[in-house]
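*Asks:* Chain by chain, the residues:
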Amino acid sequence: MSTDDSFAAAYREHYWAVSRFVARRLDAGEAHEVEEVVADVFSIAWRRRAELPAAPLPWLYAVARNCLANTVRGLGRRRRLLHRIGLNESAHGNQVVDSPDTERPGSWVHEALARLSPADQEALRLTTWEELGVDELAVALECSPGAAAMRLHRARRRLRAEIDRMQMNVRAGRAGAESRD
Amino acid sequence: MYERDERELRAVTDHLDDRGDLDLLRAANPVSATTGPWRDRPLDHVAERGLNQLLHRTRARRARRRVVLWAEAAAVALAAVFALTMPDLAAAPATAAAPGALHPRDDAAVTLDRLADRAESAARDGGPRLRAGAHVQTWSLAMDEGPDADRPVTLPEEREVRWRPDGSRTERVEADGKFLSERVFPPSRSDAPPRARPPHTAAALRAYLTEVHDPGFPRRTTPAGTQELLDALPSLLDTWTLGARESAALARLLADSGGLRPAGTVTDRLGRSGQAYVHESRDEHLRYMLILDPDTGEALGLEVLFTKDQPRFAVEAGDVMSYSAWRR
Chain A
1 MSTDDSFAAA YREHYWAVSR FVARRLDAGE AHEVEEVVAD VFSIAWRRRA ELPAAPLPWL
61 YAVARNCLAN TVRGLGRRRR LLHRIGLNES AHGNQVVDSP DTERPGSWVH EALARLSPAD
121 QEALRLTTWE ELGVDELAVA LECSPGAAAM RLHRARRRLR AEIDRMQMNV RAGRAGAESR
181 D
Chain B
1 MYERDERELR AVTDHLDDRG DLDLLRAANP VSATTGPWRD RPLDHVAERG LNQLLHRTRA
61 RRARRRVVLW AEAAAVALAA VFALTMPDLA AAPATAAAPG ALHPRDDAAV TLDRLADRAE
121 SAARDGGPRL RAGAHVQTWS LAMDEGPDAD RPVTLPEERE VRWRPDGSRT ERVEADGKFL
181 SERVFPPSRS DAPPRARPPH TAAALRAYLT EVHDPGFPRR TTPAGTQELL DALPSLLDTW
241 TLGARESAAL ARLLADSGGL RPAGTVTDRL GRSGQAYVHE SRDEHLRYML ILDPDTGEAL
301 GLEVLFTKDQ PRFAVEAGDV MSYSAWRR
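Heads up: the sequence lines are chains A and B, in that order.
Using our numbering, the first residue of the first sequence is number 1, and each one after it goes up by one.
Using our numbering, the first residue of the second sequence is number 1, and each one after it goes up by one.
Certain hints may be false.
Just a sample of chain B residues kept apart from chain A, beta carbon distances all over 10 Å, derived [said to hold, decoys possible]:
#1 32
#2 105
#3 200
From the structure, some residues in chain A lie toward chain B, with a derived Cβ separation under 7 Å [stated by the list, open to error]:
#4 11
#5 19
#6 24
#7 26
#8 39
#9 46
#10 109
#11 110
#12 159
#13 160
To give a feel for the contact side, a few chain A residues facing chain B, derived at Cβ under 10 Å [said to hold, decoys possible]:
#14 21
#15 47
#16 113
#17 134
Treat the hints as calculated values from the structure; they're not laboratory data.
Positions of the beta carbon are idealized from the N, C-alpha and C atoms, including for glycine.
Build out the structure end to end from the sequences listed, making use of the hints.
*Replies:* Here you go:
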């Protein structure tokens with residue numbers, strides 16, 4: 001199979017996975033925004049197709065990460081604007097909302113995740129949302145497997161610490177509320 | 001309120017044993033692979049179109065890596081035709097004729113440094129402003145690859161990019177004098193080069209073109225060299241029509257980069273007089289000839305030709321790989 005054929009096969013197989021990767025990091029932005037970034041991702045991947053590995057998806061994620069870093073500069077300006085005009089809910093786009101009728105702890109997890117450094121967040125997202133193993137994580141993060149494992153380990157530890165801290169805050173808040181009652 | 005919060009948190013922390021933290025994150029995945037707009041399924045028309053564009057663009061680019069033997073007589077005739085007809089895009093006949101390599105007259109050569117001085121001086125006096133959109137005419141080659149490759153044929157193409165106030169743009173393409181396509185692209189949120197407004201200092205322009213050449217991946221630590229700048233240049237000039245300041249910055253950048261030899265005066269494929277600057281890429285056996293307006297430094301054209309036979313592509317030394325002509 002020629003390089004072009006390999007690229008076309010990877011495109012067909014992974015187009016939607018790359019779209020989900022982008023949608024998650026644009027907080028599931030509007031469809032045309034996601035499509036636009038995905039087009040950029042594959043355009044860059046195309047130029048680099050000689051490097052396309054046998055298992056292309058983690059490599060495509062690496063391309064997408066770098067590509068998003070470029071596009072997010074524009075996005076950042078838009079979000080700052082949205083914040084200023086008070087539309088930051090849609091800009092934040094927390095997809096799992098905290099509502100009385102849900103028992104899912106999703107909002108807590110998102111909040112805890114958001115308190116971590118971007119590097120920690122990415123290691124955790126790639127592992128859970130993109131379901132990468134450590135070797136694949138290393139490709140996506142462009143580091144050694146050992147470094148990837150260490151980054152994931154630390155990120156998990158910090159995530160737990162954040163959740164613990166949030167739990168303490170809730171208890172403290174509850175105690176305060178009771179003492180006022 | 002707090003009871004519910006704590007109940008949820010307890011559910012969270014109960015999960016945290018073993019790999020529960022990761023399971024929780026998995027459950028909080030905001031974009032599903034089985035439902036919603038990004039679920040797994042065959043490519044939709046947008047995705048198919050994207051793939052086709054990449055594959056097609058490659059063929060066009062490959063075409064530029066092919067060579068055509070263009071008769072000098074045809075080139076002269078062609079220049080006359082374009083000089084007469086180019087001002088009116090709709091009436092301009094793209095041509096299947098294949099002009100040969102341009103031959104600068106090795107006289108009155110102006111160093112690039114001197115030309116950059118002139119361009120800077122012209123920019124100080126005013127001159128045209130940067131404009132979004134471009135008008136470019138290209139000749140490139142459609143070719144085969146392999147031991148039985150046929151001689152390549154020329155693909156002339158004329159493309160006009162117009163931007164609208166809302167940030168959307170239309171691209172109209174003609175080939176062989178026939179309307180090929182007109183597509184409207186929605187406003188882009190990306191501000192990566194070449195969509196970003198080009199800067200008007202040499203240093204910033206080098207960074208800009210470096211990013212055009214290697215967008216984002218992997219992060220480069222060294223700026224683009226002369227050949228990379230020349231490779232990136234068409235992306236910029238196919239998107240923007242440079243103003244006087246940007247043209248001066250480009251001339252200065254190329255003068256500072258070195259590796260471009262003044263080759264004298266030349267008449268370009270649209271009949272315009274320019275100064276030719278030549279860069280030899282010995283590794284790739286390519287010769288780049290950039291044609292600049294002698295007074296303003298405005299980039300008029302870029303020709304790339306092979307300097308060595310390439311039997312694999314059925315091309316010969318002296319064959320023109322690609323030629324782009326930009327006009328205001």
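*Asks:* The structure should be examined with respect to each hint, and the outcome stated for every one.
*Replies:* How the hints compare with the structure:
1. At roughly 8 Å, the least C-beta separation between residue 32 of chain B and chain A is not larger than 10 Å, which violates its mark as non-interface.
2. Consistency note on residue 105 of chain B: stated as away from chain A, and its beta-carbon is indeed over 10 Å from all of that chain's, at 37 Å minimum.
3. At roughly 20 Å from the closest C-beta of chain A, the C-beta of residue 200 of chain B stays outside 10 Å, upholding its exclusion from the interface.
4. For the restraint placing residue 11 of chain A at the interface with chain B, the shortest Cβ-Cβ distance is roughly 5 Å, inside the 7 Å limit, so the hint holds.
5. Hint status for residue 19 of chain A relative to chain B: holds, with the closest Cβ pair at about 5 Å, below 7 Å.
6. The beta carbon of residue 24 of chain A is positioned within 7 Å of a beta carbon in chain B (closest approach about 5 Å), and the interface hint is therefore held.
7. Evaluation of the residue 26 of chain A hint against chain B yields a violated restraint, the C-beta minimum of about 10 Å exceeding 7 Å.
8. Contact between residue 39 of chain A and chain B, as hinted, is supported at the beta carbon level, the nearest pair being about 5 Å apart and thus within 7 Å.
9. Hint status for residue 46 of chain A relative to chain B: holds, with the closest Cβ pair at about 5 Å, below 7 Å.
10. Interface hint at residue 109 of chain A: satisfied, since its Cβ lies 4 Å from the closest Cβ of chain B, which is below the 7 Å cut-off.
11. Interface hint status for residue 110 of chain A: upheld, as the beta-carbon distance to the closest one in chain B is roughly 6 Å, under 7 Å.
12. Because the smallest distance between the Cβ of residue 159 of chain A and any Cβ of chain B comes to about 6 Å, under 7 Å, the interface hint for this residue holds.
13. Nearest Cβ of chain B to the Cβ of residue 160 of chain A: about 6 Å, under the 7 Å cut. The hint holds.
14. Interface restraint check: residue 21 of chain A against chain B, minimum CB-CB distance 8 Å, threshold 10 Å, status holds.
15. A cut of 10 Å between beta carbons decides the hint on residue 47 of chain A: the least distance to chain B is about 8 Å, and the hint holds.
16. For the restraint placing residue 113 of chain A at the interface with chain B, the shortest Cβ-Cβ distance is roughly 7 Å, inside the 10 Å limit, so the hint holds.
17. The closest approach between the C-beta of residue 134 of chain A and any C-beta of chain B is roughly 12 Å, which is over the 10 Å cut-off, so the hint fails.
Violated hints, listed in ascending order, are 1, 7, 17; each of the other numbered hints is respected by the structure.
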